[in-house]
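Enquirer: One-letter residues, chain by chain:
There are 2 protein chains.
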Amino acid sequence: METTIIYGKNAVIEALESGEREFNKILISNNVRSDVKIEQIKKLAIKNGVVFQFVAKEKLNAIEPDGRHQGVIAQIAPVNYVELNDFIERNKGKTTTVVVLDGVEDSHNVGAIIRSCVCAGVQGIIIPSRRGVLINSTVEKTSAGATNHISIIKVNSLVSAIQKLKENDYWVIASDHHAEQNHYEIDYTDMNFALIMGAEHAGISKSLLKLADFKVKIPMLTNFNSLNVSNATAIILFEYVSQLCRKQKTN
Amino acid sequence: METTIIYGKNAVIEALESGEREFNKILISNNVRSDVKIEQIKKLAIKNGVVFQFVAKEKLNAIEPDGRHQGVIAQIAPVNYVELNDFIERNKGKTTTVVVLDGVEDSHNVGAIIRSCVCAGVQGIIIPSRRGVLINSTVEKTSAGATNHISIIKVNSLVSAIQKLKENDYWVIASDHHAEQNHYEIDYTDMNFALIMGAEHAGISKSLLKLADFKVKIPMLTNFNSLNVSNATAIILFEYVSQLCRKQKTN
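Chains as they are written, first to last, in this note's numbering: chain A, 1 to 251; chain B, 1 to 251.
Simulated from the structure, these hints should not be mistaken for laboratory data.
Be aware that a few hints might be false.
It does not matter which identical chain is meant; a pair holds if it fits inside one copy or across any two.
[As the list claims (entries may be wrong)] Okay, derived cross-link-like pairs now, BS3-like style, lysine-lysine, Cα gap no bigger than 27 angstroms in a straight line:
#1 Lys37 with Lys217
#2 Lys217 with Lys59
#3 Lys217 with Lys9
#4 Lys94 with Lys164
Just so you know, these numbers come straight off a predicted model, no measurement behind them.
Modelling step: build the complete structure from the supplied sequences, incorporating the hints.
Expert: In structure tokens, the structure reads:
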């Protein structure tokens, strides 16, 4: 079994609770102070038939040298990537939202984006298989386990993926500094949409921008630099959530 | 001169451009590939009378061992903290916004929050001097230099600081999971406000919550965990920015 690692108490609990991940085993430090979360990990492991072992702290430090493992590391199967066709098929008939990352490579940003996506009810995240980030253990940790609650779709060509989404009734929204429309000026409700977010400096590639049905910018009150990409994504997604909540209230 | 370091091309450029920071010197790696940003650093340094030296890469690695310095490290005076009284006095007569961090300690989060604050036109950020984070080089780097564009106010007691703000016509808004009101249901425009953000798990301390005029929550579409605190801050601040932009358009 090919394995990857996740570390930290919350990440391991999330992965166990989701039931979406295949575990090899869980390593717990001999001298970790037992607390509610460690007990929860042991209980969940027993319930799910996952082996756990107590090992010397040094062994954990050798696997995760930055020392952020909090005494717990799990060896699990890598994230199950989902095929775009399967994703589209599976979500037919319900209002569906995906986020497309074009050149966003920093693991902390990708993890934080996945976390916001799950909170905002986004069903899928599309990343390019050649460039872009892998879903590594930093992403899993930063996402607070959210990687287990969303379809992660790796594609060879973002252009083809966007075209396929358009053919399947998705509207394409691109976040772009140069846009004329503000992000709060479009109605995100009652449509399937794909939100494209680009790298902080380079922005979204031209070939993708051309495919966008809407380009939106987040207005700023100063001309300082720009927002961090994970914050920008959260701002747009929660404008969508706010619109939806307002609408449900008035209906 | 007591010094701290900032590293990375953008952080050094921002600090030079702001004119707000006292430089000791700038160290540039001997074998850094010269590009637009390195040239800009050299020009700005000459213009501002700041010494720069070319040194072996190993010297930079010794100062910033994580290797994220991109070939440039500046030794500068630590952030100038501002007194709360001075801040209030200086901003009298204009609509003013501050963000108060209660127990937010992760340097990446603090840096990202400061960056969003500057983009949203927030004038001050209040942190407790005992607990909480120092404005270290990770904060400066993550903020993309935004620490130079905002008043950073360190206080002994957050409770006293909030009380003082209230006496000076600031409304106090607390972000709280348990709030009844959604973040988009209050009008942030035309008032001075202090937005209190708490640590992700512990939330805001009770003594501060009691002082809040409004408690707001960000509604979510799933019951997954919660948002990262920097994303939550960005969502609330940009609801305020959106309200302001809409209002200016209709006036």
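Enquirer: First find the shortest C-alpha distance between Lys94 and Lys164 inside one copy, then the shortest across copies, and answer within, between, both or neither for a cut-off of 27 angstroms.
Expert: within (17 angstroms within a copy, 51 angstroms between copies)
Enquirer: For Lys217 vs Lys59, is the C-alpha pair at or below 27 angstroms within one copy, between two copies, both, or neither?
Expert: neither (48 angstroms within a copy, 42 angstroms between copies)
Enquirer: From the Cα coordinates, with 27 angstroms as the cut-off, is the pair Lys37 and Lys217 best called within, between, both, or neither?
Expert: between (41 angstroms within a copy, 26 angstroms between copies)
Enquirer: Using 27 angstroms as the alpha carbon limit, work out where Lys217 and Lys9 are close: within a copy, between copies, both or neither.
Expert: Between copies, since 26 angstroms is at most 27 angstroms while 37 angstroms is not.
When the structure is compared with the earlier hints, a violation turns up for hint 2 alone.
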